[in-house]
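S.K.: Listed below are the residues making up each chain.
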Amino acid sequence: MWRKAIIAAPYLWLLVFFLAPFAIVLRISLADPVIAQPPYSPTYSPDSFTFLLTDKLYAITYLRSVVMAAGATLLCLLLGFPMAYGIARCSPATRSMLLLLIILPFWISFLLRVYAWMGLMNNYGAINNLLMWLGVVDQPVQLMYTDFAIFVGLAYSYLPFMILPLYATLERMDLDLVEAAQDLGASRSRAFWDVTWPLARPGVIAGCLLVFIPAMGEYVIPYLLGGSESLLIGRVLFDEFFVNRDWPLASAVAVILLLLLVVPIVLLQRYQARDQEGTA
Amino acid sequence: MNRQSRFIISVLAFGYAFLYIPLVLVIVYSFNDSSIATVWGGFSTRWYGELLRNDQILDAALLSLRIALTSATMATVLGTMAGLALARFRRFRGRTLFSGMITSPMVMPEVITGLSLLLLFVTLQQLTGWPGQRGFGTITIAHTTFSMAYVAIIVQSRLMAMDESLEEAAMDLGGHPLRVIFDITLPLIAPAMIAGWLLAFTLSLDDLVIASFVSGPGSSTLPMYIFSKVKLGVSPDINALATLIILFISIGVLLSWLVARRRV
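Residue numbers (the numbering used here), protein chains in the order written: chain W, 1 to 280; chain R, 1 to 264.
Since the hints were derived computationally from the structure, they do not count as laboratory data.
Owing to the predicted nature of the structure, the values given are computational and were not obtained by experimental measurement.
Honestly, I wouldn't trust all of these hints.
What the hints assert, rightly or not - SDA-like, lysine to any residue: derived pairs with alpha carbons at most 20 Å apart: (1) K229(R) with V243(W); (2) K229(R) with L255(R); (3) K229(R) with L58(R); (4) K56(W) with S230(W); (5) K56(W) with V255(W); (6) K231(R) with D239(W); (7) K231(R) with L231(W); (8) K56(W) with I256(W); (9) K231(R) with N123(W); (10) K231(R) with I256(W); (11) K4(W) with R179(R); (12) K229(R) with A60(R); (13) K229(R) with I57(R); (14) K229(R) with L244(R); (15) K4(W) with L97(R); (16) K4(W) with A60(R); (17) K4(W) with L186(R).
Bound conformation, chain W alone (with noise of 0.2 Å):
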């Protein structure tokens, strides 16, 4: 009794409030977006679909927004791997206080982190005065409003998730085995590549997934960083709703962005269960 109580109650919840939501989305996507308290017909058709997949400039915005996402999870990923091994081999004191500085902005909220940029990469900004100042450059570049800044906040944004699960193989990781691979003769790339790298595969997938996932949908970041026409999918389906309320389109820019994300979301959930098994 008690027993079904104590699982009933969470799982009632996420049936209501979190997988029944889907399927709400699932039918407005399937219905005609008309013009009345709610925004959608009663009947169905597959029109949206049609619209999405038809017309090229939502494949086009799909697309960027898996190119961006994967740009930015290389980019915390060649910051983030010597960051998480440096970090594994500080003493433990040291260690824990760099750990503690990489969790810090995780707390620190996520909107004014990104706000933080937009004074950094103003056309008067630090970045810029700091460049004219060195005479790098005698006018302003143009930063703010550009792919590159929409690159930078992403990156910046999800460094965090990119390095803890990066430092938590890293750090149950021998380092006796890179020695013995190094006396047995191997050159340091060899041993990294035949030794540390395979041992730390677990921690860069999660690692990647962690960013990759988040930053496909991401709607701040472009929103404040990016320029107008430098569209990324998260902002479609919010402007597509909010703006154009079509709400059965948003419906459907929703549940193809689902699809794309099920693989990395399935693979990311069994890469966790095992860690979990694995500790246990």
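Go by the hints and put chain R onto chain W.
M.R.: Relative to chain W, chain R alone:
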């Protein structure tokens, strides 16, 4: 010092600079007297004074705090139950679906969660008349849903790392299973519950996208207010507000770190 460690140290220095320089500049510019946020016009604290006189900000902050307190508490109750179920009841019907529903909200893009919850509320309103208006209640439900997942994971991993023998001993001695949970299990996982509550509280205070979807006219949370202002560009009073939030959170995190370290 060899070449490898010099490389690692420079990457670490660059990485931390990358993480912290933007925040430091926001703090510096919050003391800028000039009303053009990017031009330095001398030291002043006048933007902090303006903050205190801004009723809209205070209302939004109050609403955000109420939502965060309520949703973090609900998320901790539901999340702890979910974590217990996952860690201690090995087999039950629908377990796979359950653990899927626990972890998915954490990675789901916010626009999808927000849209789907709003459509649920609209549908429910048509069918049952509830919720009559969107605002505090709907945002609290939305925040509870995504943050209970974090609590569940934290509690579950704490339970997995914990020895079950205490609980088994209590059961063997004839303790009622519910009493065992309240007298043995909950005190043992209290630190995990507190950590989960704090995380849920912060996530709720931080959320912009989901709240924008499920709130109604007239109820703006603090992030919604900030977003509506920064859309138009950098502004000095937001710098002051950001500074207060950054300092407040940093001090809180540092203190809890020091307390946790001393206990170990």
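S.K.: Would you list, in rising numerical order, the hints stated earlier that this structure does not obey?
M.R.: 2, 10 and 16
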